[in-house]
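S.K.: The residues making up each chain are set out below.
Number of protein chains: 2
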Amino acid sequence: MIDLEMIGRRAKKAARALANLATEQKNAALHAIADGLLARQSEILAANAADVADAERAGTPPAIVDRMLLTEARLKAIADDCRKVAELPDPVGEIFDQRELPSGLRLYKRRVPIGVIGAIYEARPNVTVDIAALCLKAGNAVILRGGSDIARSVAATTTVIAGALEEAGLPVFAVQSITDPDRELVRQLLRLDRYVDMIIPRGGASLHRFCVENATVPVIVGGMGVSHIYVEPSADFARSVPVIVNAKVQRPGACNALDTLLVHRNAAPAFLPMVAAALAQHGVEMRCDLEALAILSDAPGHEAWNIKPAEPADFGREFLALIVAIKVVSDIDEALDHIAQYGGHSEAILTGDPASAARFTREVDATAVFVNASTRFNDGGQFGLGAEVAISTNRLHARGPMGLQELTTYTWIGEGDYLVRA
Amino acid sequence: MIDLEMIGRRAKKAARALANLATEQKNAALHAIADGLLARQSEILAANAADVADAERAGTPPAIVDRMLLTEARLKAIADDCRKVAELPDPVGEIFDQRELPSGLRLYKRRVPIGVIGAIYEARPNVTVDIAALCLKAGNAVILRGGSDIARSVAATTTVIAGALEEAGLPVFAVQSITDPDRELVRQLLRLDRYVDMIIPRGGASLHRFCVENATVPVIVGGMGVSHIYVEPSADFARSVPVIVNAKVQRPGACNALDTLLVHRNAAPAFLPMVAAALAQHGVEMRCDLEALAILSDAPGHEAWNIKPAEPADFGREFLALIVAIKVVSDIDEALDHIAQYGGHSEAILTGDPASAARFTREVDATAVFVNASTRFNDGGQFGLGAEVAISTNRLHARGPMGLQELTTYTWIGEGDYLVRA
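Respectively, the protein sequence lines represent chains G and D.
The working numbering applies: residue 3 is where the first sequence begins, and numbers increase by one.
The working numbering applies: residue 3 is where the second sequence begins, and numbers increase by one.
Here chain G stands alone, though its shape is the one from the complex (with noise of 0.2 Å):
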C-alpha cells in the first residue's frame, strides 16, 4: 500500500519551493506540460482506453463512459486549456491592506499559496490537469486523488505532467497521484492535517458528504445546491421568459441551472402562460403547486405542454433536468421566505422596481445573487475569474466560484523602526 505520510511530506517540501517561484517558471511548467500531453497522448489515450474498456465490460451507463473518455480533440482542448491558466495573472505576491498604524508599524499583506490541495474526484480524467494547472500557477503543490475507474488514466496522466515538471526546472513532487484503488487511501488523504491544507472534492453530494464526515482537513464543499428565480408584476415579461428558458435549459445538470421559478400573483395570469410555452419547446417538464396548475391548465395550448401538479419535494430539490417547479407567491416576503429555506445556490429576481432588486440582493443568502440576469452567470469563466477550481457553498474562506485568487492565503507583514509593543 502507498505511503501516505511520505505523499505528504513530498508535497509539503514541493510547496515551499513552490512558493517562491517567479511567475515565468511557473508559466513555462504549465507550457510543457500541454506539450508533453500532445507529445505523449498515445500513452494518455492507450491507458484511458484500458480504463474506457473495464468500465463498458462492467456495465457502466455510456453517459458516466463518454465521461471517463479521452479522445485526441479532447486532449487538445485540455492541453489548451493549460496553457490558457498560464496566461492569467498570477496571484502570488500581490500586496494589499497596506495602513500605517498610531504605533508606527507599517503593516500589509502579501498574497501567499495555500500549500497542499488534495483533490479527490470522480471519473473524469480532465479534472486532473485542471485542477494541477491551477494549483500550480497559484503555488501549491497538489495531491490527486481521481476515481479507481480512471485510475490508468490518472497515472498516465500524472506521468506526462512530473516529467514536464523536471523539464522546466520544477520539484517533481508538486503534483502527486494516489492511483492505488484503496478506498482507506481517500480517509487518510482526508485526515493529513500535517501535510494537507485543503481538500476540493469534485463529484456529487455523497463524496462531498464522505469528506465533511471524514476529514480534518478543511474541505470546500460545493458542486451543488437549489437555484430559484422569482418574477415580479413589474418586470419586463417578453424578456424575462429567455432569461428564464437559459437558466433552465443551457445545461441543465449544472449547479447553477434554474430548479424553482417563483412567480408573484399578479404577474401569474399573463407571465405563467408565456413562459411555459417557451419552456415545453425545450422539453421542459413543469411540477407546479396548484394555483400555478389551475393558471397553465385553462391556458391555450397547454395540451402541448408537460404540466403536472408538483410534490412537496419538489420544492428544494435540485432537478439536474429538464425538470422545473413552479410555485406563486403572494409578495417579495413569500419568495424570501421561500429562498431562505430552500435556495442558496444562484437566485435571481426579474423585475423593474429597483425597490425590490435592492432588497433581493440585500436580502437574500446565496453564493450569488442576481437580477435581471440568468443564474448561469454564476461560473468561475462568466465571473471573469479565467478558470474555476470549484463553486463553493462553504460560508468559510471562498464562496461562488473558486479561481487563483481563492488558492491562496496571506500573511501580515508588519516593518518597524525597532518598534516594541507599549
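Source of the hints: derived by calculation from the structure; they are not laboratory data.
Warning: the hint list may mix true and false statements.
Note: identical chains are not told apart, hence a pair may lie in one copy or across any two.
Cut-off 25 Å, straight-line C-alpha distance, at most; resulting in silico cross-link-like pairs (SDA-like, lysine to any residue) [stated by the list, open to error]: (1) Lys-14 - Arg-361; (2) Lys-15 - Asp-335; (3) Lys-14 - Met-226; (4) Lys-14 - Gln-343; (5) Lys-15 - Tyr-344; (6) Lys-78 - Val-243; (7) Lys-78 - Gln-43; (8) Lys-310 - Leu-292; (9) Lys-86 - Ala-19; (10) Lys-111 - Gln-100; (11) Lys-14 - Ala-342; (12) Lys-111 - Gln-407; (13) Lys-78 - Gly-171; (14) Lys-14 - Ala-360; (15) Lys-14 - Gly-318; (16) Lys-310 - Ala-256; (17) Lys-111 - Asp-381; (18) Lys-111 - Leu-90; (19) Lys-15 - Tyr-412; (20) Lys-15 - Glu-336; (21) Lys-111 - Ile-97; (22) Lys-111 - Gly-225; (23) Lys-78 - His-33; (24) Lys-111 - Pro-356; (25) Lys-111 - Leu-387; (26) Lys-111 - Asp-99.
The model shown is predicted, which means the values in this text are computed figures rather than measured ones.
Starting from the structure of chain G, add chain D where the hints point.
M.R.: What follows is chain D alone, placed relative to chain G:
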C-alpha cells in the same frame, strides 16, 4: 439533556434576522448588554462566586481560579469592551471587488455575516461577552459553550444578554449558551453543520485538536505556535535588545511571545552577551546550542545568567514561560530552513539590510512576519482591527488576528438587463 437541534434551529432563524439589522440597532443592543452587565452585576457575581467556590474546594490551581474570577472591576472592563465594539465600523453591507464584464454583467461582492458561530472555551467567563459582542456586531448568531467549571457564570451572563437583546428588539436567540456539563454536547455541537457555520475554540492545544478531530463544522484553529527572531550582523544591536526583551518578557504566556532566538554567526560574539545580559535581568532562562553556550559561558557577567545547554526538543517548543531557546546560524538560509521546520506563528528579522528583509518577508511562511519589530505586534488590537476573536493559524478563510471583517463572508451580486449566458 439539552436539545441541540432546537438550539441550532433557533440560532439559524436569529441569524437571518441579524443579517438585516441596521448598524444602529446592533449598537443599541451592545450598549444594552453593557448596561445590563452593570445593572445586574450582583446576579453575575453571585453565580461566579459559586463557580469559584466549587473550584477552590476541588483544589483548582490559584492561577486558574484567578482566570475564572469575576470582580466588579473586571465586569466593568468587560462592559467597556462591549461599548468599544459598538464604536467599531460595521463590516456588513460593504460593497467591494466591483467590475463590469464583457457580457454586460455588473458584478460586485457584498459583505454578509457568516451566520451561526459556535464558540467553545475554557475557564474564562469574560470570553462569553467578548465573543458575543463581536459576533453580534458582525451580524452573526452565536452558540456559546464555556467550560463546565464556569457554567453558572456563563448562564448568568447569557441571561443578562438575552434580556438586553429583548429590550433592544433583537432576537433573543441571537446569543445562546449550552450550560449542561455533559461533554457529549460539545461533540454534538461540533457536528451541527446543518445550523452552525464556524467553530471558534478558545483554549489549549488539546481542545483545538479535539475540535479538529470531531468537527464536521469548519474549525478556526489558533492561539498557539512557535515564534522566532533572527538577528543579522547588520542589525543595530543596541536597538535590537529591547525588541527581543519585549518579545520574550512582555507576556510570556501569549502565543506571539518569542520562543527561539536565531543569531547569525558573525553577529553572535558581540550580540549574544548583550541580549543575554538584558534577558537575565528579566529572569529569562536561556537554553543554548553549543555555539551560543560557548560564547555566553565566556562572557563577562555570565555567572549571574541562567544559561544551559538546549535539548533538541527545545527548538520547536512553545515555552509560554520566561524561557528562550538560542541558536547560532551560519546564514539567512539556515535561519529560513529552521523557521520553515519549526515556526509559522509570529516571526521577525532584525537587520539593516533591505535585501535580507525582503527575502525574509517573501520566504517565511507564518501568520505574521515582522521586520525590526517585536513579534508581540501580532494582535488584533495592535493591527488596528479593534478587537479579535482569535489569532488563526488556519490557512483558509483568515490568517492571524481575526476581527469583525473575518467574521463575515460575501455574496456575489450580478446585475444585468435581462442577460442570458451565451
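S.K.: I'd like to know which numbered hints this structure contradicts. Please list them from smallest to largest.
M.R.: 6
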